[in-house]
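Asks: Make the full structure from the sequences, and use the hints.
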Amino acid sequence: MAKKNTTSVNHGKDVLSSDEQRLNSRLQECPIAIIGMASVFADAKNLDQFWDNIVDSVDAIIDIPSDRWNIDDHYSADKKAADKTYCKRGGFIPELDFDPMEFGLPPNILELTDIAQLLSLIVARDVLSDAGIGSDYDHDKIGITLGVGGGQKQISPLTARLQGPVLEKVLKASGIDEDDREMIIEKFKKAYIGWEENSFPGMLGNVIAGRIANRFDFGGTNCVVDAACAGSLAAIKMAISDLLDYRSEVMISGGVCCDNSPFMYMSFSKTPAFTTNDDIRPFDDDSKGMLVGEGIGMLAFKRLEDAERDGDRIYSVLKGIGTSSDGRFKSIYAPRPDGQAKALKRAYEDAGFAPETCGLIEGHGTGTKAGDAAEFGGLTQHFGAASDKKQHIALGSVKSQIGHTKAAAGSAGMIKAALALHHKILPATIHIDKPSEALDIKNSPMYLNSETRPWMPREDGMPRRAGISSFGFGGTNFHIVLEEYRPSHDSAYRLNSVSQTVLISATNQPGIIAELNNWRTKLAVEADLQTFAFNDLVTTWPL
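Each number in our numbering corresponds to the 1-based position in the sequence shown with 1112 added.
Calculated directly from the structure, the hints in this document are not laboratory data.
What you are looking at is a predicted structure, and each value in this text was computed from that prediction instead of being measured.
Check before you lean on any hint, since a few could be wrong.
Said to hold, decoys possible - Have a look at the derived ranges for each label pair, beta carbon to beta carbon:
{"id": "1", "residue 1": "Trp1631", "residue 2": "Glu1417", "range": "32 to 40 Å"}
{"id": "2", "residue 1": "Asp1329", "residue 2": "Asn1629", "range": "37 to 45 Å"}
{"id": "3", "residue 1": "Thr1619", "residue 2": "Glu1223", "range": "21 to 29 Å"}
{"id": "4", "residue 1": "Ala1194", "residue 2": "Lys1481", "range": "24 to 32 Å"}
{"id": "5", "residue 1": "Gln1503", "residue 2": "Phe1300", "range": "58 to 66 Å"}
{"id": "6", "residue 1": "Ser1178", "residue 2": "Ile1296", "range": "24 to 32 Å"}
Claimed, not checked - The calculated lysine-lysine pairs, modelled on DSBU-like cross-linking and capped at a C-alpha distance of 30 Å, are:
{"id": "7", "residue 1": "Lys1301", "residue 2": "Lys1281"}
{"id": "8", "residue 1": "Lys1301", "residue 2": "Lys1196"}
{"id": "9", "residue 1": "Lys1502", "residue 2": "Lys1400"}
Beta carbons are placed, not taken as given, at the ideal position from N, Cα and C, and that holds for glycine.
Replies: Okay, here's the thing in structure tokens:
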């Protein structure tokens, strides 16, 4: 039997074996760049709208829309009412246009295909575009890993349709004659989609990644990961390993959850985890629970050296990943501060820098009393041991704005943190009226950032850094560390405004060319489009 390598080396207060040191140095030797991002979240059809909502402190939580399902069928204010949910609020993806022909899908399979599969094609298209990856890129070296929950929304109607025999027995026992039973059962079945050739692939979670790989001709790794609410970061860890192993040139990763169905509301009602407030208040004294949200977030990852070589736009750099299990604890879904602190510790060891240099933590922050207390305990345990400084790390949670997007939650946090680093902005966490007294935040390394503000440079010249946490049922913990990318950059960073549109008026093609040259001259003198009153211009060029 080979002897285990137990040679120890000093690493601050810890002692790591040489094998552990070697593994912990891979990201230090080969950092990973985020070169593209795309998303669909509550009240945000795309990445720009998502960021605008974040910096504008928009609350995207609404009542359950009537086009999703009828809340009156399933709601009761009584938490103990059988087969009822006591919650009727959440975060819902806005209506999106989907052209099946763009993705080579026959229209007749749409009803049989889970909405998560369809919308993920849109987000995958957008993340490739944002990363500058066109049809000329070698897609054989692109892979995709996504965090996806165990069951998809399409399973519910397909399973319900199979309950015909149960209904028949009930009707028969109730004295309904055979002809009426057949008529009722037939009407019952017609209320649900049928079992056909495309029903099975249409409901499978792994086909979300598979359909993307198929449509965009990816030749790299293609799979999904189920780590409950930590699914996105688990998938990203797998993607980063592929890049560090040089198995792929680009990895697309993130998370997908479009299930705000009655089944999901029933699940969280009977835990019970839902708030009785109309909003989510992570780490607030009046926090009473969570609300669920729909969402899809994807990021494009590339080895930093390759991204710099190719001239890619780099949002931020991934420097460390830490994972852990809670081990044996009170219950399968009770969060454990020690387990979460272990993931944090491993992430900063992986990154190779002091935890106190982190300026922002995008927390899991669900808004549940037990969850927030456990998370804050893990944060103070880790960052408190690293430094005596008080209230020097901003703590936030985008769930206060879009709800808990389950398997997609980590991708929302990653995108928020990456954009915060890219734009040098500390985004607000909303609905914090009074920090929870039980957390004793004033005597901790953390502070709750309740308003959007500039992220000032560190006095010691160190790069801005952010950590993202995701924790899942079953005691699974993930923490990822990002660092700002520091190229030569003299232009202003964007706080909120997106690209400006210039409308040009002319009656013919030469006129348009003349106007374009005129604008080029103007922009050479003054690059700020806000100084021009282009809202008064109207395009009238007849083709």
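Asks: A separate judgement is required for each hint: does it hold in the structure or not?
Replies: A quick look at each hint next to the structure:
| no. | hint | result |
| --- | --- | --- |
| 1 | Trp1631 x Glu1417: 32 to 40 Å | holds (38 Å) |
| 2 | Asp1329 x Asn1629: 37 to 45 Å | holds (41 Å) |
| 3 | Thr1619 x Glu1223: 21 to 29 Å | violated (48 Å) |
| 4 | Ala1194 x Lys1481: 24 to 32 Å | holds (25 Å) |
| 5 | Gln1503 x Phe1300: 58 to 66 Å | holds (59 Å) |
| 6 | Ser1178 x Ile1296: 24 to 32 Å | holds (26 Å) |
| 7 | Lys1301 x Lys1281 | holds (15 Å) |
| 8 | Lys1301 x Lys1196 | holds (23 Å) |
| 9 | Lys1502 x Lys1400 | holds (27 Å) |
Hint check: a violation occurs at hint 3 only; the rest are consistent with the structure.
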